[in-house]
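Peer 1: Residue numbers (the working numbering), protein chains in the order written: chain A, 202 to 402; chain B, 46 to 294.
Incorrect hints may appear among the rest.
As the list claims (entries may be wrong) - In the SDA-like style, the derived pairs of lysine to any residue whose C-alpha atoms are separated by at most 25 Å in a straight line are:
no.: 1; chain 1: A; residue 1: Lys-284; chain 2: B; residue 2: Glu-276
no.: 2; chain 1: A; residue 1: Lys-284; chain 2: B; residue 2: Gly-187
no.: 3; chain 1: A; residue 1: Lys-287; chain 2: A; residue 2: Tyr-339
no.: 4; chain 1: A; residue 1: Lys-210; chain 2: B; residue 2: Arg-86
no.: 5; chain 1: A; residue 1: Lys-374; chain 2: A; residue 2: Tyr-339
no.: 6; chain 1: A; residue 1: Lys-284; chain 2: A; residue 2: His-348
no.: 7; chain 1: A; residue 1: Lys-284; chain 2: B; residue 2: Val-186
no.: 8; chain 1: A; residue 1: Lys-287; chain 2: A; residue 2: Arg-212
no.: 9; chain 1: A; residue 1: Lys-284; chain 2: B; residue 2: Pro-191
Read the hints as simulated data drawn from the structure, not as lab findings.
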Amino acid sequence: MSFVSRGFKGRRREDAESARVPPGQYVTGDFPVLSAGPTPHTPLDQWDFSIVGEVDEPRRWTWEELQALPSEEVTVDIHCVTKWSKLDTVWRGVSIDTLLDGVETSAEYVTAFSDGGYTTNMPLEDVRDGRAWVAFDYDDEPLDPEHGGPARLLVPHLYFWKSAKWVRGLELKLEDEPGFWETYGYHNYGDPWREQRYWGD
Amino acid sequence: MARAAVLGRLSWQLAEVSAFVDETTDVRSIVLEAPAWEGHRAGQHVDIRLTAEDGYQAQRSYSIASAPEDEELVLTVERLDDGEVSPYLVDVLRPGDQLELRGPVGGYFVWEESVGGPLLLVGGGSGVVPLRAMLRHHRAVGSTVPARLLYSVRKLDDVIYRDELTRLDGEASVDVHFTLTREQPAGWEGYSRRIDRQLLEDVSWPASERPLTYVCGPTSFVETAASVLVELGHDPARIRTERFGPTGT
């Protein structure tokens with residue numbers, strides 16, 4: 202890259218953490234909010250989480266049933282496509298492995314669906330093997346509605362729009378189908394380390 | 046994906062700064078000559094990438110302030126005092142400098158004639174930028190879709206595009222309402238408080254007319270506006286939001 206922005210110095214990081222920040226990202230201490238519409242507020246007694254689609258039989262958990270499952274505390278770095286990254290965020294949630302335990306499927310893809318109509322897609326293997334959770338606590342507090350509470354998907358190895366807020370379930374699929382942002386020009390897979398922000402990246 | 050193949054990669058391109066417009070003490074519009082730019086829709090944004098001499102780079106997204114029909118591409122940037130990129134764009138960049146960008150990005154927070162209305166635009170602070178692009182597009186195509194802008198800022202001097210928006214208010218299908226939340230000049234006849242239920246009820250179309258609403262601003266502003274509109278019976282699926290900044294500001 203030969204182009205130089207005249208007079209730009211920048212605020213580079215040369216510490217141990219800089220290796221944890223993907224290309225084109227900057228670290229923030231804040232927790233910015235990005236959502237395409239109003240924040241939904243589904244009462245917990247009407248909330249459930251389901252696994253549907255290409256499965257032997259659909260699964261469904263009420264809020265109490267989900268809370269009764271074994272949960273894990275995870276500390277992860279998150280990366281938003283709008284360029285901010287946040288390091289060492291602490292969540293509690295149920296591993297997708299736990300929810301998929303015993304589910305028979307030949308699906309290779311999954312679409313997460315949310316209150317408000319939001320969807321996002323990814324390969325099924327990306328939510329397996331301890332790489333994804335249904336998270337309901339952030340920093341030891343119930344997850345704030347603005348940040349996706351009562352529960353959001355947490356898939357920290359992909360750009361954060363894949364971590365669907367207000368998630369209500371997973372649809373397992375034989376064929377991949379682009380979700381909300383994936384239809385509006387954002388990358389179908391969204392690996393921050395390969396800077397897959399937009400179509401064609 | 047077939048559409049991706051047609052669209053291709055959003056490549057980085059160089060644009061040249063041709064002029065500036067000082068909108069307020071903290072906000073500047075940057076007029077760009079971008080020969081490789083292939084057009085955009087009102088409400089979309091661009092990614093800007095700055096490169097230091099040692100190769101260090103920083104990227105940020107900015108809303109496009111110009112209409113698709115405008116001859117030049119215009120970005121409007123607010124200086125954030127603790128920012129890394131915005132102080133450069135507002136204070137350091139000069140006419141004749143080059144700026145690396147790619148876009149347009151985003152396809153949901155977009156309005157064009159065919160999407161219809163009635164159109165309700167609710168902006169807080171520099172959140173007015175993509176809404177201004179929509180209003181310019183509305184005017185450029187001679188749209189008869191009724192449009193209303195509710196624009197909330199702290200004081201009159203913070204109003205971006207003040208003359209233009211005041212002029213637009215006189216147009217047949219456009220109403221512009223300001224609310225000055227912190228300080229009002231003597232004789233101010235507009236609103237003088239943060240947006241609330243009554244204010245939105247006064248300004249917005251009734252839910253029964255199924256307005257299409259775009260809200261852009263700081264997170265708390267957008268949360269308030271969108272929640273109140275849902276309470277007033279607006280269909281959440283017809284409220285599109287764009288937020289900036291962290292929670293709690």
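Peer 1: A separate judgement is required for each hint: does it hold in the structure or not?
Peer 2: Hints versus structure:
Restraint check for Lys-284/A and Glu-276/B: not satisfied, since their Cα atoms lie roughly 33 Å apart, outside the 25 Å limit. Pair hint Lys-284/A plus Gly-187/B does not hold up; C-alpha atoms about 36 Å apart against a cutoff of 25 Å. Proposed proximity of Lys-287/A and Tyr-339/A is supported: the alpha carbons are some 13 Å apart, at most 25 Å. Note on Lys-210/A and Arg-86/B: the hinted pairing is violated, with a Cα-Cα distance of about 32 Å set against a maximum of 25 Å.
The suggested pairing of Lys-374/A with Tyr-339/A is violated, with an alpha-carbon distance near 30 Å, which exceeds 25 Å. Among the hinted pairs, Lys-284/A with His-348/A is consistent with the structure: their alpha-carbon atoms are about 17 Å apart, no more than 25 Å. Restraint check: the Cα-Cα separation between Lys-284/A and Val-186/B comes to about 34 Å, which exceeds 25 Å; the hinted pair is violated. Between Lys-287/A and Arg-212/A the CA atoms are separated by roughly 16 Å; this keeps the pair inside 25 Å, and the hint holds.
Our distance criterion of 25 Å between C-alpha atoms is broken by Lys-284/A and Pro-191/B, whose separation comes to about 36 Å.
Violated hints for the displayed structure, listed by number in ascending order: 1, 2, 4, 5, 7, 9.
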